[in-house]
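> So the sequence lines, in the order shown, correspond to chains A and B.
If you count the first sequence from 1, position 168 lands on 441 in the working numbering, and the numbers rise without skipping.
If you count the second sequence from 1, position 49 lands on 52 in the working numbering, and the numbers rise without skipping.
Rather than coming from a laboratory, the hints here were simulated on the basis of the structure.
Positions of the beta carbon are idealized from the N, C-alpha and C atoms, including for glycine.
Please note: incorrect hints may appear among the correct ones.
The calculated lysine to any residue pairs, modelled on SDA-like cross-linking and capped at a C-alpha distance of 20 Å, are [what the hints assert, rightly or not]: (1) B:Lys87 with B:Gln108; (2) B:Lys87 with A:Asn294; (3) B:Lys24 with A:Lys292; (4) A:Lys292 with A:Asn367; (5) B:Lys87 with A:Glu291.
From chain A, some residues computed to sit far from chain B (all C-beta separations above 12 Å) [unchecked claim]: (6) Ile281; (7) Thr301; (8) Ser304; (9) Leu305; (10) Asp312; (11) Ser343; (12) Ile368; (13) Ser373; (14) Ala374; (15) Ser376; (16) Ile385.
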Amino acid sequence: MAKQYRNIGEDVWKNKVEKVNAELFIFTYGSLVVQLVKDYEDYQAVNKQLDKLGYNIGVRLIDDVLSRTSLDKCKDMRETAEVISKVGFRMFLNIAPSVSAWSTDSKEFSLILDDNPLNDFCELPPRAVQDGLWYSNVPMVGLQVKVEFVRDVLRGDDVSEIRVRLEKMLDEEVPVGDD
Amino acid sequence: MASGWTELPDDNEVLEQVYVKLENIGFRVGRRLAERYAPVGRRLTDTLDVVKFVCKDMWMVLFNRQVDNLKTNHRGIYVLQDNKFKWFLRMSSNHGGAAAARRAQPYTWLPCGIIRGVLDSFGVNAVVSPETLGLPQCTFQIKVVANE
Numbered sequence: 274m275a276k277q278y279r280n281i282g283e284d285v286w287k288n289k290v291e292k293v294n295a296e297l298f299i300f301t302y303g304s305l306v307v308q309l310v311k312d313y314e315d316y317q318a319v320n321k322q323l324d325k326l327g328y329n330i331g332v333r334l335i336d337d338v339l340s341r342t343s344l345d346k347c348k349d350m351r352e353t354a355e356v357i358s359k360v361g362f363r364m365f366l367n368i369a370p371s372v373s374a375w376s377t378d379s380k381e382f383s384l385i386l387d388d389n390p391l392n393d394f395c396e397l398p399p400r401a402v403q404d405g406l407w408y409s410n411v412p413m414v415g416l417q418v419k420v421e422f423v424r425d426v427l428r429g430d431d432v433s434e435i436r437v438r439l440e441k442m443l444d445e446e447v448p449v450g451d452d
Numbered sequence: 004m005a006s007g008w009t010e011l012p013d014d015n016e017v018l019e020q021v022y023v024k025l026e027n028i029g030f031r032v033g034r035r036l037a038e039r040y041a042p043v044g045r046r047l048t049d050t051l052d053v054v055k056f057v058c059k060d061m062w063m064v065l066f067n068r069q070v071d072n073l074k075t076n077h078r079g080i081y082v083l084q085d086n087k088f089k090w091f092l093r094m095s096s097n098h099g100g101a102a103a104a105r106r107a108q109p110y111t112w113l114p115c116g117i118i119r120g121v122l123d124s125f126g127v128n129a130v131v132s133p134e135t136l137g138l139p140q141c142t143f144q145i146k147v148v149a150n151e
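Full structure from sequences and hints, please.
What follows is the structure in structure tokens.
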């Protein structure tokens with residue numbers, strides 16, 4: 274099953290998405306974070322903004338994933354995790370983080386990023402590390418989940434790790450104010 | 004929450020702030036791109052060279068194409084015209100062309116900053132302003148500020 278998703282992910286990456294210059298993307302993201310740090314002067318507030326930004330991007334990305342693939346509805350968290358890693362991350366960042374560290378109730382897992390392209394050309398000043406800035410704090414979300422970075426290379430860890438925890442399943446419903 | 008279109012705020016002061024921020028972000032991106040892609044073994048000797056570098060090399064990096072037309076009055080004004088500005092390609096509006104162009108304007112502020120950042124890296128001090136006559140066409144006017 275995992276292999277099938279890997280193939281889908283690679284096919285979409287190779288044939289179906291428009292690419293943008295990696296450095297342009299990285300520099301733009303970096304400058305955006307710099308601007309947020311200047312505006313808020315508080316790293317926790319910056320984390321919050323990046324998280325909000327990520328959520329808003331995520332809900333659009335998931336539409337994009339579904340429109341470019343013929344994926345069925347994911348049955349459970351394990352399948353969801355595979356799709357996020359092998360299709361989602363591959364499609365948008367050309368990486369496929371490994372899925373690991375499942376909790377016993379299968380509601381919680383980690384995505385391990387050996388190589389996070391957003392980190393290229395980037396170094397955090399010591400104060401940012403100390404005060405808890407999570408630079409790449411823009412993970413994408415599909416279900417109502419809690420997603421947080423728990424390890425980051427830029428903070429001296431050996432890999433970057435994103436922890437995902439399912440809080441509740443969302444029923445499909447029409448958003449408020451939407452006909 | 005996930006609505007596809009956000010209304011532009013009517014408040015000009017808010018828009019002005021958005022402009023300043025996006026332009027600043029762009030400026031920093033431009034500075035870095037210029038360092039990363041500065042030509043090796045070819046010197047940019049005058050302002051026209053630098054502007055051509057923006058039209059060709061930089062536009063390729065940004066939008067995978069080159070600027071369609073470059074005009075200059077040889078007295079410090081350069082007009083870059085892109086007939087298929089990439090970020091406008093999939094935009095439309097049910098309120099007619101002028102309204103669409105107005106709503107599309109914020110999308111030009113980041114590139115304006117990028118252009119200014121690149122020019123600044125090569126020692127050219129300039130003001131960059133965008134203009135849209137009809138999507139997806141877009142022009143960027145570079146006005147060089149005389150160095151004392």
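> Hints the structure violates: just list their numbers, smallest first.
3, 7, 8, 9 and 10
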